[in-house]
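**Q** Here are the chains, one letter per residue:
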Amino acid sequence: MSWIAKPRIAHPSLPKNSLGLTHRDYEGGMSTLCAGCGHDSITAALIEALFELNLPPHRVVKLSGIGCSGKTPAYFLNQSHGFNGVHGRMPAVATGAVGANRELTYVGISGDGDSLSIGIGQFAHAIRRNVDLLYVIENNGVYGLTKGQFSASADVGSKAKKGMENLQSPIDPVLLALSLGATFVARSFSGDKEQLIPILKAGVRHRGFAVVDIISPCVTFNDHEGSTKSYRYTREHLTEVTDADFVERMPEITASYEAGETTDVQMHDGAILRFRKVADGFDPSDRDRAYAYISERVRKGEIVTGLLHANEEALEMHDLSGTVEGPLVDLPFEDLCPGSDVLDALQEGFR
Amino acid sequence: MTGTVDPIQSTRGPRVNDLALKIGTVNGTGSASANGLLRRAIFRMGIPVSGKNLFPSNIQGLPTWYEIRVNSRGHTARTRIFDLAVAMNPATYARDIQEVRPGGWVVHDSSWPLRAELRRDDLTFIGVPMADMCVENFKGDRERILMKNMVYVGVLAALLEMDMEVVRELIQQSFARKKALLDSNFLAIQLGYDFARDNFSCPLPTRLERMDENSDSIVIDGNSAAALGCVYAGATLAAWYPITPSTSLIDAFSHFCERLRKDPDTGRNRFLIVQAEDELAAAGIVIGAGWSGVRSFTATSGPGLSLMGEFIGLAYYAEIPSVFFDIQRAGPSTGMPTRTQQGDILSVVYASHGDTKHIALFPADPSECFHFAVNAFDLTERFQTPVFVVSDLDIGMNDWVVPRLQWDDAYRPDRGKVLGAQELETMEKFRRYLDSDGDGIPYRTLPGVHPKGAYFARGSGHDQDGRYTEDEGGYVEVMERIARKIEGAGAQLPKPVVRDAPGREAASLGIVALGGVDRAIIEAQEILAELGIRVDYLRVRGFPFHPSVRDFLDSHERVFVVEQNRDAQLRRLLITEVPFPGEVLESVTRYGGLPFSATDAVEEIRGLLDGRGSAETSMTGSFA
Chain S
3 MSWIAKPRIA HPSLPKNSLG LTHRDYEGGM STLCAGCGHD SITAALIEAL FELNLPPHRV
63 VKLSGIGCSG KTPAYFLNQS HGFNGVHGRM PAVATGAVGA NRELTYVGIS GDGDSLSIGI
123 GQFAHAIRRN VDLLYVIENN GVYGLTKGQF SASADVGSKA KKGMENLQSP IDPVLLALSL
183 GATFVARSFS GDKEQLIPIL KAGVRHRGFA VVDIISPCVT FNDHEGSTKS YRYTREHLTE
243 VTDADFVERM PEITASYEAG ETTDVQMHDG AILRFRKVAD GFDPSDRDRA YAYISERVRK
303 GEIVTGLLHA NEEALEMHDL SGTVEGPLVD LPFEDLCPGS DVLDALQEGF R
Chain V
913 MTGTVDPIQS TRGPRVNDLA LKIGTVNGTG SASANGLLRR AIFRMGIPVS GKNLFPSNIQ
973 GLPTWYEIRV NSRGHTARTR IFDLAVAMNP ATYARDIQEV RPGGWVVHDS SWPLRAELRR
1033 DDLTFIGVPM ADMCVENFKG DRERILMKNM VYVGVLAALL EMDMEVVREL IQQSFARKKA
1093 LLDSNFLAIQ LGYDFARDNF SCPLPTRLER MDENSDSIVI DGNSAAALGC VYAGATLAAW
1153 YPITPSTSLI DAFSHFCERL RKDPDTGRNR FLIVQAEDEL AAAGIVIGAG WSGVRSFTAT
1213 SGPGLSLMGE FIGLAYYAEI PSVFFDIQRA GPSTGMPTRT QQGDILSVVY ASHGDTKHIA
1273 LFPADPSECF HFAVNAFDLT ERFQTPVFVV SDLDIGMNDW VVPRLQWDDA YRPDRGKVLG
1333 AQELETMEKF RRYLDSDGDG IPYRTLPGVH PKGAYFARGS GHDQDGRYTE DEGGYVEVME
1393 RIARKIEGAG AQLPKPVVRD APGREAASLG IVALGGVDRA IIEAQEILAE LGIRVDYLRV
1453 RGFPFHPSVR DFLDSHERVF VVEQNRDAQL RRLLITEVPF PGEVLESVTR YGGLPFSATD
1513 AVEEIRGLLD GRGSAETSMT GSFA
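Chains as they are written, first to last, in my numbering: chain S, 3 to 353; chain V, 913 to 1536.
Some hints here could point you the wrong way.
Unchecked claim - Below, in silico cross-link-like pairs of lysine to aspartate or glutamate (DMTMM-like), each with a Cα-Cα straight-line distance of 25 Å or less:
| # | chain 1 | residue 1 | chain 2 | residue 2 |
| --- | --- | --- | --- | --- |
| 1 | V | K1364 | S | D332 |
| 2 | S | K149 | V | D1383 |
| 3 | V | K1174 | S | D321 |
| 4 | S | K149 | V | E1222 |
| 5 | V | K1364 | S | E29 |
| 6 | V | K1269 | V | D1479 |
| 7 | V | K1174 | S | E105 |
| 8 | S | K18 | V | E1337 |
| 9 | V | K1364 | S | E105 |
| 10 | V | K1329 | S | E336 |
| 11 | V | K1364 | S | E54 |
| 12 | S | K149 | V | E1382 |
| 13 | V | K1174 | S | E318 |
| 14 | V | K1329 | S | D321 |
Quick caveat, the hints were computed from the structure, so don't treat them as lab data.
Bound-form chain S, shown alone:
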């Protein structure tokens, strides 16, 4: 047996969202990852975020590449279509799926090997096309399934379990995404649900490509002394530069905050991104300043977390392409085939 079914027991006292669904409706199969894996915490945070967003599960599409991260879509949203493709190529499949049906919600799960090595080209170009998708990088600095090789996000000086030291400079997905013009960039930690859930919710609602880099320690191959992606190291080096909240379009809640305490960014569907706390010198609306701030902190060995950049004005792939407003998949054939008269007329030009 290569998969494990999860017993579906819904206790009557379980909380329900506005659709009348419980967390059970957002869960998937039993995880087969190692006990304590950061990825499982991310899965749990995603389930919570999607539950709180009141999204009908079958209207969400989950996609992934290959690796430990690639397995996780099996562990949430049992009632959603899922696509586990080839290594590093989830952005292409997502581009096609979003291209075909822009009305669904898309959640892509990737890893550091998937996004920063084999799939770095796809990652970069999906940002460039601004495909409307939540793009989660479960970043543990290591290749788990092949037993502990360094990934491209491993820091200089970071030690592998067997003692080798990484000497090559790392690729930071946040800095990369910012430099490529990503319209939503965040970093968080799998162990910080408080911070992660609102970021994931905002990322889902962002219209465009939302990059969420999540440090997610690998308990088996990268959680030892000398690793810079361990639970301990991450907790010790975290610097939260923004404390952002995601607020659904509900005026009464907006009114409960006093003016001047917060900075609000209005999202496309009317929801609000609310920055309650922003570190001195950091401006999430200014991409260049955010980049400078984060790279300076990275040099100091700090892991900067929070919602780091959001541009709610940017155009996504369909806007940029001038596509019809509804899903292409819903266009009736009669609107697509020009018919024999047009063909006859057209062919006069071929003579």
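On the provided structure of chain S, position chain V as indicated by the hints.
**A** Below, chain V alone, put in the same frame as chain S:
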């Protein structure tokens, strides 16, 4: 093979509407529009004609040729020997002059003397001071260079007795919106025409005369026709990466969509074309879109096909509709990007690692490119597997005369087995990869349709429900079903076309070929018949092979498999997949990159017949 007399060209004396001419120029000098004008004028005179552009992989400065074949009986395949050459490129004079048949003509620019060693006693040299005429009559370097092309059009119009009304009408149409160009072009053509009439005896014994063979025909290249097929089939998403010779297919799709696929109310696009970062992404985008329920496709050539390999295997195993146009060019590797070949047959049908086998369609001309494009979308959704339309540079980028394309307004897309929300609602359980109908084809659902329709599409090992498995039984069950599904497709693909040898008796010799060599083979079949060699001809149009392919092989003593690649890929495929004993299948290949000619087939087949009197003798010249 050089030095042998081309049987088609062996006749002498006056000939009407039967000629081959070759124009040698330098790329980037604007000869394409002049050459196109010539070909279109001949078409409008009602005469069967083809135009083949032999061009370099380069922007400016290298040799390029345009070959026009005119034949009243409709034989418009390439010839290797020409009646007339227009030698405009000093760098290729020697070669161009060499390719003219004894008794033929060479038109050249006599503004400079032609080197004595280039002359041939058996040819007539027609010198026209084109550069001098253009310097005298036009201003500016660019116009002087461009108009030289129109001068030779005028010269040919006089020499071949073209209908000048038709030529003028075409110029009028081409430059209607550019008055200055219109006047210059008229003048240049008239200069050439008058010079030829004043200085040479016009027309030549080989000349043109009005016919009425084209009233129901069009001129189109295969890539444009395929793109039109995609529009008519209802394809809405194309993803691609630029690569010769497939680029013009997407360009044409874009062009037709801009004209035919705008929402009339909003002006927005009822299509999405994604120029991807590479062919890997292009394939992935097409697969993501096909999975989500739209008709999606890509167009590529050999190197791109290699890059798409991994994704093709995913689409095969996860059973996702997707259409791939492979416009073949000469390989391996980068090969010769602007030369034609049929070198991808095996890499298409077995694309990707592991056990895979793919449905492929092999159009022979632009008309079939149009119809097979439509077929491909129906087949890919019916069988839930990638479908390849395998064309080539000669079909895709050259101008072919084909019957007007017909469209049946009753056509509706075959979307295959797709379950909707209502069907799912009443189902107890949806099982994605279950063979519930016994035909190997499972039911699928589209994302977003219904909570009960969800499944996990994956390239990893899976069972009938799409669940990950490393279990032998569950894995093999799915693999066996997919094999059955693909095998069952063979009988539903376009049937082979069989063209019997002339006469009533059954022939013992056969030819099997596919794709763009078709017109050359039909001509070769006639030439061979004139030589007393009767050969039947079967043209394969799809893979897996139609059952009638075996019948044809069974009923002939010797079968020549004619193709444009080194390793006899079609022959290998027949041996493995019909399957059929290789001893009966003799190989005729010509793969140097130029379009196939009847002479190629005739010479090789005669050689094989002469070299082997009985079945016991060895297979000289064939691929063993």
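**Q** Each hint: holds or not?
**A** Structure-based check of each hint:
1. Proximity of V:K1364 to S:D332 is assessed by CA-CA distance (about 20 Å); at most 25 Å being required, the pair is judged to hold.
2. Only pairs whose Cα atoms come within 25 Å are accepted, and S:K149 paired with V:D1383 is accepted, the gap being roughly 23 Å.
3. With a C-alpha separation of about 15 Å, the suggested pair V:K1174 and S:D321 falls inside the 25 Å cut-off, and the hint holds.
4. With a C-alpha separation of about 23 Å, the suggested pair S:K149 and V:E1222 falls inside the 25 Å cut-off, and the hint holds.
5. Simply put, V:K1364 and S:E29 have alpha-carbon atoms about 15 Å apart, close enough for the 25 Å limit, and the pair holds.
6. For a cut-off of 25 Å, the pair hint linking V:K1269 to V:D1479 stands: about 20 Å separates their Cα positions.
7. Using a Cα cut-off of 25 Å, the hinted pair V:K1174 and S:E105 holds, with the two alpha carbons roughly 20 Å apart.
8. Annotation: proposed proximity of S:K18 to V:E1337 holds, straight-line Cα distance about 23 Å (limit 25 Å).
9. The straight-line distance between the Cα atoms of V:K1364 and S:E105 is roughly 19 Å, inside the 25 Å bound, and the hint therefore holds.
10. With a C-alpha separation of about 20 Å, the suggested pairing of V:K1329 with S:E336 holds against the 25 Å cut-off.
11. Among the hinted pairs, V:K1364 with S:E54 is consistent with the structure: their alpha-carbon atoms are about 22 Å apart, no more than 25 Å.
12. Restraint check for S:K149 and V:E1382: the C-alpha separation of about 19 Å stays at or below 25 Å, so the hint holds.
13. Taking the CA atoms of V:K1174 and S:E318, the gap is near 20 Å; set against the 25 Å cutoff, the hint holds.
14. Distance restraint check for V:K1329 and S:D321: the Cα-Cα separation of roughly 32 Å exceeds the 25 Å cut-off, and the hinted pair is therefore not satisfied.
Of the numbered hints given earlier, the model fails hint 14 alone.
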